[in-house]
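Assemble the complex: chain A is given as a structure, and chain B must be docked to it using the hints.
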Amino acid sequence: MTQVSYREAVRGAIRMAMQADERVFLMGEDVGHYGGCYAVSQGLLDEFGPERIRDTPLSESAFTGAGIGAALGGMRPIVEVMTCNFSLLSIDQIMNNAATIRHMSGGQFTVPVVIRMATGGGRQLAAQHSHSLEGWYAHIPGIRVLAPATVEDAAGMLAPALDDPDPVLIFENALLYNDTADVDDAVAVDIDHAVIRREGSDISLITYGGSLGKTLAAAEELAAQDISAEVLDLRILRPLDEAAILATVSKTQRCVIVDEGWRSGSLAAEIMARIIEHAFWTLDAPLARVCSEEVPVPYARHLEEAALPSTEKIVAAALAVLGR
Amino acid sequence: MGTFVMPSLGADMAAGTLVEWLKQPGDTVEHGDIIAVVETDKGAIEVEVFEKGRIDELLVEAGSAVPVGTPLARIDGEANGVKPSATGPAKPKVGTEPVRATPPRPSALLVMKGQGPRASPAARQHAAERGIDLASLAGSGPDGAIQLVDVERAECIRSEPGLGSGPDLSAMRRAIAAAMARSKREIPHYYLSHRFDLSAALEWLERYNAERPPPERLLLGALQIKAVASALKEFPEFNGFYGEEGFSPFPAVHLGTAIAIRGGGLAAPCIRHTDTLTLSDLMESLRDLVARTRRGQFRSSEIADATATVSNLGERGVESLWPVIYPPQVAIVGFGSVMWRPWAVKDEPVVRPVITTTLAGDHRANNGHRGALLLRRIEQILSEPDKL
Chain A
1 MTQVSYREAV RGAIRMAMQA DERVFLMGED VGHYGGCYAV SQGLLDEFGP
51 ERIRDTPLSE SAFTGAGIGA ALGGMRPIVE VMTCNFSLLS IDQIMNNAAT
101 IRHMSGGQFT VPVVIRMATG GGRQLAAQHS HSLEGWYAHI PGIRVLAPAT
151 VEDAAGMLAP ALDDPDPVLI FENALLYNDT ADVDDAVAVD IDHAVIRREG
201 SDISLITYGG SLGKTLAAAE ELAAQDISAE VLDLRILRPL DEAAILATVS
251 KTQRCVIVDE GWRSGSLAAE IMARIIEHAF WTLDAPLARV CSEEVPVPYA
301 RHLEEAALPS TEKIVAAALA VLGR
Chain B
1 MGTFVMPSLG ADMAAGTLVE WLKQPGDTVE HGDIIAVVET DKGAIEVEVF
51 EKGRIDELLV EAGSAVPVGT PLARIDGEAN GVKPSATGPA KPKVGTEPVR
101 ATPPRPSALL VMKGQGPRAS PAARQHAAER GIDLASLAGS GPDGAIQLVD
151 VERAECIRSE PGLGSGPDLS AMRRAIAAAM ARSKREIPHY YLSHRFDLSA
201 ALEWLERYNA ERPPPERLLL GALQIKAVAS ALKEFPEFNG FYGEEGFSPF
251 PAVHLGTAIA IRGGGLAAPC IRHTDTLTLS DLMESLRDLV ARTRRGQFRS
301 SEIADATATV SNLGERGVES LWPVIYPPQV AIVGFGSVMW RPWAVKDEPV
351 VRPVITTTLA GDHRANNGHR GALLLRRIEQ ILSEPDKL
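Residue numbers (this note's numbering), protein chains in the order written: chain A, 1 to 324; chain B, 1 to 388.
Okay, chain A solo, but in the shape it has when bound (with noise of 0.2 Å):
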């Protein structure tokens, strides 16, 4: 077990998996020579060379194509793109190419290709670097999308990912990167299962990816008002742990969703939607969600956090919920 920070474990996936399979390789913008945008490659190039760690061109939407292509051809790529709100250039590759493949080759084709890519606000960075958009491939059949929101996960997804036949993308909230954990060197995890991050009775937290923190410091406060909160990690927002959502609100009867995307047509709606569909008469109160506000992520500190989910927030759907 060693101490490590979340950039440092996604680095340490990258790195095992590069050793262990020679058909891996890195490529996206600076992840090369300047050690990655958010400084996850920091190092790569040296250890692996410019064939394994490649810098590509301002152009999302011919790499991520062209990590398509590698994998078709039988290597394994991991493409990083800088954030996911850039990935729109990219969409059509993924969509109509990595997702579809198998489907239109009959089983012929399999695309094993891992994307992964930065998500979330809260750093200041203004609209177009920061939206949550892991919903809208969530709503993509054809891919797996995971949102590893500890440390563990970080470096524990991502070997999986890249045994998985088919293309996996891999949301990594940018304001996680600091995080850190004592974490064994091999960890595995299951990228089929979300996971009760804290257990409870009186009602279900669900959320994944960069609210978790906000989420479970949520719990925290809530339990020193004697209520007592299970929090449910997604961790895999596609195909969604339909069960685990369902054993725990049928647990508690009670439910908040948390979910940094907009409301509207959110995954947060999914989920709300899927509770009413299996679970409806386990209700005993209306459920709530909290989303990002419907605007573009504001730049000024203040107008950011106010549009973000945040703890307060948290504990005061929750309360309401529970009609305190």
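Bear in mind the hints are in silico, worked out from the structure with no lab data behind them.
For glycine and all other residues, C-beta sits at the position ideal for the given N, C-alpha and C.
This list has only true hints and no planted wrong ones.
Here are some chain B residues pointing at chain A (derived, C-beta under 10 Å):
#, residue
1, 122
2, 125
3, 144
4, 212
Chain B only, in chain A's frame:
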């Protein structure tokens, strides 16, 4: 001003014992509130009031047995300034609102659905399973919503020793005897029988239930009740009451369901406005009704208002039954068990699930030709279950 009288809770009821007042002078009551508990041959029945206003005076003490029609309480009409009179009802002046004889029934259900107590699904389900009336509970949730904890609290209070927990079966048997003897004595029954292929309904039901957890699944009985209610809507001469002035059809379908009670009892309370309910609402009502009936807790409107009845032998393995009309109704539809039988499809024999439906009709109100069309219509509705 209105007078609340001892209701007739069945064609054969002559008198009842007022067991308990649930409202006191000064209380305000709404249409549908439960005002008193009356003991009859069928058990203790919660009686609803159809007036809106304030209870002015209770005229009969709890424990008294009085004939049907005896004034039990005076209710001061809401804010219309009419003072209660000491003796006899005053003749209404021309132009004033007439004394309300019948409430506007068709909207009653909608009113209950929309403005009933605000309760969580968990509380509703728990209350329905235990026969607890949500309207009698106070909610502790957001905006006064009734939550599970409120139902559980009520359950604790109710489970303490008090009124008898089940219906008095020997009295119920006497009531059945009186009603059925009168039926066979007075009603010229005719009978029709029709056997048909039920595979469309059963396949649809299987698909519907496969996707749902057990509490949301439907029983075949719900489909049958809905099909009969929908068909009766098209054949009004089978839906209503036969009184001294002959038959009068009733605009709404309140379909009674014969429910067997362990130990030999039988009651046929109704689900009001059966034809307008969705299948899932109907199933919920049916579960609730069965649970309460087995404890002898049905309401006056459920026991007195049925406009026709369905009797279903379910899985008892008998092919058909010949039901007896419950007066003053004029029709009863029976369903036998589903039987796998050889069946001709085009010119091939195949094995199909087959059901026998029967109709007992009151020949004073309707006749066999229309009765046959009614049974055929029920078959047709059940053969297109996705339209239910």
